[in-house]
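Q: Based on the hints, put chain W in the right spot on chain U.
Protein sequence lines correspond, in order, to chains U and W.
All residue numbers for the first sequence refer to numbering that gives the first Met the number 0, where the first residue is 0 and numbers rise by one.
All residue numbers for the second sequence refer to numbering that gives the first Met the number 0, where the first residue is 0 and numbers rise by one.
Just so you know, the hints here were simulated from the structure itself, not pulled from any lab data.
Mixed in with the good hints there might be a few duds.
Where chain U lies over chain W, by a calculated footprint (3+ residues, C-beta under 8 Å) [as the list claims (entries may be wrong)]:
hint, stretch
1, 41-54
2, 130-136
3, 227-236
4, 244-253
Quick reminder that beta carbons are idealized off the backbone N, C-alpha and C, glycines included.
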Amino acid sequence: MPRFLLKRIAIMPLLLLGVVTIAFVISRLLPANPIASIVGQRNLGNEVIVAAAEKKWGLDQPIIVQYFNYIGNLFTGDLGTSFVTKSPVLSDLADRLPATLELALVALVIGAVGGIVLGVISAARKDRIPDQLSRLFALVGSSLPIFWTGLLFLFVFYAQLGIAPGPGRLSARVIPPSHVTGLYTVDALLAGNPALFWDAFTHLLLPAFIMGWGLMGTISRLVRASMLDELGADYVRTVRAKGVSEGQLLRHHVLRNSLTPVVTVLGFAFGALLMSAVLVETIFSWNGIGSYAVEATRALDYPAINGVSLLGGAVFLIANLVTDVTYAVVDPRVRLS
Amino acid sequence: MTTLQAPSPAIGRLSQMRASAWLRPQMIFAYVILGLWLVVLVAVQWIAPFDPLAASGVRLSPPSGEHLLGTDSLGRDVFSRTLYGARESLPIALAAIVGAVAIGCALGAIAGFFGGWVDATIMRFADITMAFPAILLAMAVAAALGPGLQNALIAIVAVWWPIYARLTRGQVLSIKQREHVEAATAIGSGRWRTLGKHILPHSATPIMVNATMDLGQIILLVASLSFLGLGALPPSPEWGAMITDGAKNFYQPWIAAAPGIAMVSVTLAMNFLGDGLRDAFDVKGRR
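The following block holds chain U by itself, in its conformation from the complex:
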């Protein structure tokens, strides 16, 4: 196992280098010209300004030189400077990450809990109405265009019923808690401000539910399949023979053994959540990585796009590694090689 781990960790920087290289190639070899987003449309005709900007941002150098400069800077922790915000990409990402992290974590909890509950209901009432309904619910979740569901939920729960807060991380005129973790709910609790916590928490619910709903399908399907597998095992007959009730059997014996495969989707779940964050953050005016990515692509802000790609790739690779290791720890039968 340590050898496997070392191998996996050693290959990660190479994969990340690949990700960065692809992002770089896409950004430099394709027709769009980012200079417009640096100097603004109306200065495009002014050769002096354009030349000065190209020199300042290193765009006048040959592409291969730009590439090695970029890679060299990466090793010093310098991800370049955003064309649009004019501040270092690394600090932009650090500013935006907590918002997305908070959203993704709540979504992950909703998706996991919802998925497990649905999966258990499905398996316990296999092929009967509850099974059909919970499978339908999960399938609907993965069929919905997330940006449309966001609009729909905002319209129904915020505009019509008035039971949910509007877009954003906090209500208007509410001052964010002082920065400790950047997660507003946690920071509000640390500051001992329950009203602020509640405000931040309720703002999380709609977007996080929409993101989590998509995950429920994957997770519930897995839980259902693995519980049905377990229910056919010999020990289940023994437990039943002892006179243990069906509910107890499911809760104490089968469910516990069926949850291992859920770990395997964690990596996938993180990737999927990052993907839906892009759309959900746009709809809910959420100041996170997803909306940063959208702003960056719209402005052809390549340092920022490359930075987000690098972050996304890193999250994905780490999540996959953690998944594999957790899987081996939870289930001793799995051999990593």
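A: Just chain W now, kept in the frame of chain U:
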């Protein structure tokens, strides 16, 4: 080498399938919905009451007898636009899945069959591509190429092929070991012929099932790119682009409702179909 093998469930044939799986309520629902959209695709010019690109009424008017689903911010009929939207969204999604399957399968088959450095090169490239969050890569490609449905199509193929490369490679690796392949090689079948005639046909079923399940996701991805302004451009009635218009007119919910429901009906039908096919052929989903 000579041990008996049970027929792999992955190469289910029509005769081996559970017939009932084709007639489940979900499958019937999928046939009906997809059938209706097929009719719309073919005959939309006779079904839609108005021109999808021209104003035909008062701006932002709610649903009425004349405009069944109301009008949008430019006074165009939302019902007609939604129907015409099928012609924008569906063919692009279909082309994207065909492109991704074709490229992914070709590369995956070559990687699995020839092994060695060819395999290593192709699969590392696939790994790197998959390490990109799909939507970010698609956004970057679409942004760099400039908006437009064709460019969105290229972006999606660029994102989606590695899934099929992995799937096909796995299939080829396992089928390569079977006796009939050995027999084919023994009677002098060339490498490409063996791959094309004796290996690939046997891996078709799981690829088809996965493609069906992915089509729904790709329809969503096309719409997402359009929604972000990186896919279809105005005045196209593409569903994602229509929802963008709806988002700008938040208090006229009918504008976004129709294209959203249209999209959900198709993706849900595709997911039902994929789910049913998976059960029918007993193919393991890759997730």
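Q: Does each hint hold? Answer for all of them.
A: Tested hints:
Counting residues of the stretch 41-54 of chain W whose CB lies closer than 8 Å to any CB of chain U gives 0, which falls below the minimum of 3, so the coverage claim is violated. Evaluation of the coverage hint for the stretch 130-136 of chain W: fulfilled, as 7 residues show C-beta separations to chain U shorter than 8 Å, against a requirement of three. Remark: the stretch 227-236 of chain W is confirmed as covered by chain U, as 3 of its residues place a Cβ nearer than 8 Å to a Cβ of that chain, reaching the required three. A stretch counts as covered by a chain when three or more of its residues have a beta carbon under 8 Å from one of that chain; for the stretch 244-253 of chain W and chain U the count is 5, and the coverage holds.
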